[in-house]
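Undergrad: Throw the hints in and build the complete structure from the sequences for me.
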Amino acid sequence: MKPHRRKKLGIIIFIAAGLSVAVGFTAFALKQNINMFYTPTQVAEGEVGSGQHFRIGGMVKTGTVLGATDSLKVNFVTTDFISDVPIQYEGILPDLFREGQGIVAEGEMDANGVFQASRVLAKHDENFMSPEVKAALDASGASAENHSPVATN
Amino acid sequence: MIPEIGQFSLILALCLSVILASLPIIGAYQNNFLWMSMARPLSAGVFVFLGVSIAILAYAFVTDDFSVKFVAEHSNSLLPDRYKLTAVWGGHEGSFLLWTFMLSGWMLSVAIFTKSMPLEFVARVLGVLGVLITGYILFMLATSNPFARIVPLPPVDGADLNSALQDFGFIIHPPTLYMGYVGFSVVFAFAMAALLSGKMDAAWARWCRPWANVSWAILTLGIALGSWWAYYELGWGGWWAWDPVENPPLITWLFGTALIHSLAATEKRGVFKSWTVLLAILAFAGSLLGTFITRSGLLTSVHAFASDPTRGFFILAILGITVGGALLLFAFRAPLMKSEFGFDLVSREILLLSNNIILVVSAASVFLGTMFPMVYQGLTGDLISIGPPYFNAIFIPLMALLTVLLAIGPYCRWKRTSVAFLVEQMGKVALASLALGVVVPLIVTFEFSLVATIAVALASWIVLAMLQDIRNKTANKASRLKGLRSLSFSYYGMQTAHLGMAVMLIGVALTSAFSTERSVLLAPGQDVGLGNYVFRFEGAAPINGPNYVGEEASFTVLKGGEAITTLHPERRVYLATGTPSTEMAIDAGLFRDLFITLGEQKEGESWSMTIYVKPFVRWIWLGAIFMTLGGILAAADKRYRRLRRRHTEPSREQSKSKPLGGELQASS
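Line by line, the protein sequences give chains A and B. Everything in the first sequence is counted per our numbering, starting at -15 for the first residue and increasing by one. Everything in the second sequence is counted per our numbering, starting at 101 for the first residue and increasing by one.
By construction, these hints were calculated from the structure, which means they are not laboratory data. Any given hint could turn out to be false.
[Said to hold, decoys possible] Some chain B residues flagged as far from chain A (calculated, every beta-carbon gap over 12 Å):
1. LEU134
2. PRO180
3. VAL231
4. VAL544
5. PHE546
6. LYS582
7. SER586
8. LEU587
9. PRO646
10. ARG671
11. LYS702
[As the list claims (entries may be wrong)] For lysine-lysine, the following DSBU-like pairs were computed, each having C-alpha atoms within a straight-line distance of at most 35 Å:
12. A:LYS(-9) x B:LYS528
13. B:LYS368 x A:LYS(-9)
14. B:LYS738 x B:LYS573
15. B:LYS582 x A:LYS57
16. B:LYS515 x A:LYS(-9)
17. B:LYS299 x A:LYS(-8)
18. B:LYS659 x A:LYS(-8)
19. A:LYS(-8) x B:LYS573
20. A:LYS(-9) x B:LYS573
21. B:LYS659 x A:LYS(-9)
None of the values given here were measured: they were computed from a predicted structure. Even for Gly, the Cβ is constructed at its ideal location relative to N, Cα and C.
TA: Printed below as a string of structure tokens:
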């Protein structure tokens, strides 16, 4: 093999090895960090394993938002109009968090069947419903238009 | 009547673009001087008509013409004038018009600042850009006409601009980001023109470099502005969220960064030719991907526009045709691009290659993390999301590796560098930066932190290596000052951008390691401590803005018992939509930010709130500013200007090897 060919081969092997390591690490990191999304009905039916970190989405059930007076704890119920899941969150809710609004929460179920949210997301654009919330409502057969004043698109 | 003129002007721009997309490129093939020379005036025409269009849309906003649907949906008679004007890019239709207008602006600049290049080449570049802009204007007219009217009964008042957008950041972030984004279309067009002509020598790389540098610099600034805005507007103290819409600009930026480095090797040494072209295509694809993700409504994100699926398909079609066509052309022409391979295993070429591999792998993993949920949903129907830990796990080690190599790169010579020389030069630098990494964080914070040590060591590594390199380069001159003046703009540009990387690294690492936050409930007169600071809540009072009402809280911040500043976070409700909005109060400083977000009023007079102390957070954006300056300095290098004044020596050379069209450039 000519020297420059050998050098070229060396570089190609170097790149290929680097890439495979990168791909391996990436796949591993990806696998570790996937958050599944569940609808309240799926949660109620027990599809979620215990201790699993996941996302839940639905509407904030009207009349269920209860803020503690002496701390930042907030309790509310999210619903896909078939099943309800109680959620507890400690912190400041997003500006657009309102009753009847679609939200996505991230966290896990505790032993009492309350979803302990580490993050609550509400959309900034009030005309927009998150695809996840929409999917949750579609899955429950409840059309968003019948229930929600926010789904205008 | 006036909005119809805007739409008519858009149609005229489309007609000109169609001609621009065809005649000059055909002219370049048939060596038709007349057709080629039409490229410049046509570009100017497209610019003018799109300019008229966007000006008319702005006029409709300023005059509260709510019969125009887009205005009715994104403005309100109470909206302050500066936001009325900028509400032009407050929604999908108008922001796409801005995007298209930006492209025409770049086209005009190409038409003006390419006097030294052969007309044939310029005709192809502008022709390719013409193809793109034709697609964009068609898209606008077909699916997202900003001038559509509400007939027969226009609303009395508009729905108002999204309250999160009523902010200074909104005035500057979208235009800057778009300008940078779209700039990569120009680089793409240069690469395509080179492929079309079949002349894959170093000339196109040299012509392209200033454009790539400027686009890159503006994109850097645009992303940084977005990060800064998100930081102070969204109110959770973060500056980067790995949001699916933040990622495409980053992907574009990573490809763009790889590209400007690879262009250097292609221009100077004639290596990596096909790779450079591929990167130009990828960077451009990244920018289109961003448009697609934002406008197709496929993803949950703070950025997504309310949308309908036809738009997504249309953009996907544009993406498929342009990128697919480009890759096809690339495949046909690749055999023409023979790169020389005359370099050793320790050489600047290898370091640039490593830089490229790291950046491309980073871009690919960000791309994977962004698109995976979409693909997964398409295949299984299950909804998933990929959290920030994935991105951090991949991105941080890769960037650390990149910074290690970044300091060595400028030392290495082209073709071959002796390892002994590198060790001699870098050994002391390595020891010194390790020492600084251990000592500096200890002195500043009195505690050991691995993150801080690594960050300070890596940043010192870059800065010390840089100083040493400058000293070497000026050592043989009569005086240090003379030496410094003899170094080129592009050298200073490179070093400034690299310095920016060091500054940003410090910011990112120290903010992540030492930020503290606390969510509390306070009644007036109560205080809370965080770090070395005490925040005293003085009370809240109602306020009235032009288009909102709300409450403003007052805080006194004490350090060591002395009041250092007062902060006034607000909680607003916008009148037209009833949307609540929190306005952060920030006391910014070079070494720390103090930051309060107001929650809501609880029992009595007490309020919930989150208080943050964020050390070194400003350094993140300061680093980006250095990078931007670096990119612009490099583009301002004398040799590009010299090139313009003289009559195109490089193209003379190649015209020998090219049968046609070589003689025409003299007349341009």
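Undergrad: Against the earlier hints, flag every one the structure doesn't satisfy and list their numbers going up.
TA: 10, 11, 15, 18 and 21
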